[in-house]
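Protein chains in written order, with my numbering: chain B, 313 to 655; chain C, 313 to 655; chain H, 313 to 655; chain G, 313 to 655.
In case anyone wonders, no lab produced these hints; they're calculated from the structure. One or more hints might be untrue.
Because identical chains share one entry, a pair is satisfied inside a single copy or across any pair of copies.
Pairs of lysine to any residue residues, derived as SDA-like cross-links and limited to a Cα-Cα distance of at most 25 angstroms, are as follows [claimed, not checked]: (1) K622 x G405; (2) K622 x G521; (3) K622 x D523; (4) K622 x T541; (5) K622 x A535.
Spelled out from the first residue to the last, the chains are:
Number of protein chains: 4
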Amino acid sequence: MRAMFVHGPGDLRLGEMPRPEPGPGEVLVRVRAVGICGSDVHTYEYGEIGGTVIRSPLVLGHELAGVVEALGPGVQGPPPGTPVAVDPSCSCGHCEFCVEGDPHICPSIRFFGNWPHHGGFREYLAHPADLVHPLPEGMSFDEGALLEPMGVALFVADLAGIRLGDRVAVLGSGPIGLLCVQMARLAGAAEVTATDVVVERLGAARRLGADMAWNAATEDVVARIVDHTGGRGVDVVIEAAGAPETVEQAMEVAKPGGTVVLVGIPAEDRVTFRASVARRKGLTIKYDRRMKHTYPRCIALAQAGRVNLKALATHHFPLERLGDALDLVIRRADGVLKAIIEV
Amino acid sequence: MRAMFVHGPGDLRLGEMPRPEPGPGEVLVRVRAVGICGSDVHTYEYGEIGGTVIRSPLVLGHELAGVVEALGPGVQGPPPGTPVAVDPSCSCGHCEFCVEGDPHICPSIRFFGNWPHHGGFREYLAHPADLVHPLPEGMSFDEGALLEPMGVALFVADLAGIRLGDRVAVLGSGPIGLLCVQMARLAGAAEVTATDVVVERLGAARRLGADMAWNAATEDVVARIVDHTGGRGVDVVIEAAGAPETVEQAMEVAKPGGTVVLVGIPAEDRVTFRASVARRKGLTIKYDRRMKHTYPRCIALAQAGRVNLKALATHHFPLERLGDALDLVIRRADGVLKAIIEV
Amino acid sequence: MRAMFVHGPGDLRLGEMPRPEPGPGEVLVRVRAVGICGSDVHTYEYGEIGGTVIRSPLVLGHELAGVVEALGPGVQGPPPGTPVAVDPSCSCGHCEFCVEGDPHICPSIRFFGNWPHHGGFREYLAHPADLVHPLPEGMSFDEGALLEPMGVALFVADLAGIRLGDRVAVLGSGPIGLLCVQMARLAGAAEVTATDVVVERLGAARRLGADMAWNAATEDVVARIVDHTGGRGVDVVIEAAGAPETVEQAMEVAKPGGTVVLVGIPAEDRVTFRASVARRKGLTIKYDRRMKHTYPRCIALAQAGRVNLKALATHHFPLERLGDALDLVIRRADGVLKAIIEV
Amino acid sequence: MRAMFVHGPGDLRLGEMPRPEPGPGEVLVRVRAVGICGSDVHTYEYGEIGGTVIRSPLVLGHELAGVVEALGPGVQGPPPGTPVAVDPSCSCGHCEFCVEGDPHICPSIRFFGNWPHHGGFREYLAHPADLVHPLPEGMSFDEGALLEPMGVALFVADLAGIRLGDRVAVLGSGPIGLLCVQMARLAGAAEVTATDVVVERLGAARRLGADMAWNAATEDVVARIVDHTGGRGVDVVIEAAGAPETVEQAMEVAKPGGTVVLVGIPAEDRVTFRASVARRKGLTIKYDRRMKHTYPRCIALAQAGRVNLKALATHHFPLERLGDALDLVIRRADGVLKAIIEV
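Start from the sequences and build out the full structure, keeping to the hints where you can.
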């Protein structure tokens, strides 16, 4: 079967690999839609991510929906033909962290599309049946693929502990930021402020629920947000850009006693900010590590129509044009939010 | 000035009392709208509530909006003419509970309209300036009065710890239950189920956000809710009826590890349920005691248009017809939800 | 091999059963010490517990330590000869509750010694390797068996959320209550008050860390505790007797905003208390359901010498005298706290 | 009356100021013992702290015990002659943060001994009666003064959420670190590891409850702690040194899902660490801002003999030798932990 392999920085090639057989406890999924994530882009551009170097050709892609094709030995369901979303996090299930309900920090986790584990830019994959979630009627494959980044945003909202009536700032309005904007609204925030440096993304933020959206390229967003709250700051800050400036801004716009969730992954692997700002406010800073236990809740919310996933899927490409899709996302051109590969 | 006094069970009389002068730290408020609460009804019917007997004629009413008339010595604002909501809870400000941020359980609390503290069914009242909240432009006095029961529902949602995508059951769809339905939706519940024994209230529940509404007079609501969740039960149960049956139902419909918030005040001052049901599920049961710190957040949400308060204000009466209003609420006739006294 | 079977109420007989073979993922344990729990006593006396009736002869016993005898296929360790404690809770590992880290409320849990699952009053048992915890050097089999009730008390302390400097009341000073007294002290309570109706147990409570111990048979313990705190009540109440009175007392002695953890299992399967007491204080009531994730932490604390388990193991009997041991526990005679069966 | 004033960096002079009169709500306290805090030292050395420059001569000192000398108008007690500890945090009592129970982050807080508010290195001071806590019988003035830093450590333990059986690392074993070691033990940690670069402080850490103490000047403390936990890391890290290295170490030695509390105040006002380390573990990082609501609980614990405050008070000086005392603390010579000024 066909698959797209990254061989090194910027080196993407269509190749072949054997169609997998589903083992015990696994299902075979025919891939239909795979979203491109910022981490895919980073790995494609640099041949590594967060210190993990690609030492052999790798299939990327972990935001994924498809159709069950066959069941491995002993697997009860879902039956072939079922449209499904695929949770890319295969945790060990036995360590202290898995047993205590924190599989997202399992030290032995195999994360799909993270070297050396092939991801979803291919025709078929075999996956643990527990991690394959049937899509409700009427949900598209695009939406099914987007349940993965939605899960990140939902988990971020869990971490943030948003209360009814809170004010929330989301710094960075890429796909994850836009989903965080929606989750903040959905969690009952009275006021959501978004920022970005790309004009189209500010428009998307407003359309998807932000009460205000400031352009950090042309405005002093810290002053804007702090002034708007009468000098107090916001209850919750979600940093979803991964830039050094946004981390710094996050501390500045949080209220005393506020919570800052850091979601963005910086290119430079150091974080730095003014200690006195965070200390005087007694801030709580939480690092998001992917997500946990989110598929059922995301599916329930999507099924109830309480989230707009479709608006994120702005562009579609066939598998062999993955390179063009990655390019588009890198250039942030043409109003792209999420590019979806249709296999 | 005029005021309506309860002299004993069912004994309501229009009377006179001196117009108060605002003391230091107080404002004088001209009363405009006062909602009738279930506790007003209970006190009117029985001459007591929860063990507190009315030993002298009492003015009831604690859901209140009006206009600032004058400021006491040293008070900075809000200026005369400002429409305001009045928080009825005057806590001591100095005890361990007040200092630690829990004024709702202050042992020395003076709760407005609770014997021996006169409430709002009168023309003017003097109140601590800290407890008087300016209404945003465009908010009606009805809505201002309803910020008080909305605050209870918001605090119940805080206690319940609703997560995005949770399933919530609200048992009892009177005014508090209907506000809890709205708060559960607003907090991101994926599915809200309401129950009641009054058909009109089930309709109101559906209109205000419940995905399902079951009639406990004609259906086995426990079976309905449990079956609908595939036997699992719901994440959060809000008991807002105060009936012995609804407390029992609350334990039955909660999922293992679920949270039950008890809001309703039972006529009989005992609660009873099957211990084994609650124990096997390892339930957390929280008693709501009024609310705390809710006015600013309620106002922010109402201002942002995220709650429908108007739908609750079904009937209006002038002060001298308070008796008719109480009667209507007792009979639950004519689709009444909240009766508002206009002074 | 030999085993002691309960055939019905009060009907205990020594019998034979085949020595089990450890299956895949299991280890074979030679039983050395088994504590008698209140639930064993209840099942022996009444032939049922909490609605679960013994429909065929059952081996009781779930507080257990022994020695690894053999490993099933594919099991890496611990090696034969290792002294171990046996966690009696076999949860399914796959349901929503297990996956989210709450195996104690797994609806498919098989709890060892709970009909129809044979427990530990026998010579050998096969058990999942994951649930078998090596004992640190110097820990006796008595202590190993007592890690199970200690785990309950540790989990109760987790639920209670005891803060440094809190005041804690433990109502009921049987083995679980005495372990709760120790856990409350260990968690930094400034003052621990215990109650019971058995004089020897009050002495044990004092020796094991209670600052005060009141005899509920001869004193008004509510008045004692409330007066001692100047009318305020205690931060945390742990109800470990399961009597109707102690549940009622728990609500009375808790401070406003306090937490009550209900651990005791009542004979009559109904709980009842004054709603107004719990409501006015805005209490949080948590039901303990066994425990979760406690063995490693209990072992660490026991190894560090921070808990006195030996003091609980007051009596020892050989397997064939299990009936005498149960009798002693029922009569609460001879200063018995925990009777241990040595196999 | 006499007072010691800092006029600028290193410029300390004995001076005179009028003896204050206690106003309404205040008590007059005759100062007896004042501890020297790291922030006093910093202000003395540099003439500023955390951006607050001393623009006029300032009396430092905020760890304070004394005797009530007189009561202001309307104050009920405590009666003259009562030994008391003085809480140095005068929050406004009216802002959102005070009302919600977070006076430690009140934006209008007046912190005693922080410019322009004179502190305790003088003979008398007038202070709000609410903030003056009677000492229990038998408690020395030294211990009374040390309730303030103990409160910081207790609040840090609250923030850290230490569970029974946790492993805790305290990085930095100055007075605050040593109190954190004690609080971690008191909160039920199974294992406490301390670090420092001063040998005497490591000895003190061991004597006060640390199970291990590593010298960061001569050992790779990260490797030591991580290896000792089998590569897992510790549940809770308390950073109490304020050095750039200890912040970095804190992230490294925390377990996945762990909590890091940052207490130390760095000389350089920037914090920096590897983002990938904190992100992959999904760490929660909390900044300590002084403390709240700690005096009653500290007093209860000290009274019950569960903390050793005396061991910290290593040196005593009369008021006029404050300069020598500051010098000693700066040089960390002579095994000094806490130097106490006796007035």
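Check the structure against each numbered hint from earlier and tell me which ones fail, lowest number first. 1, 4, 5
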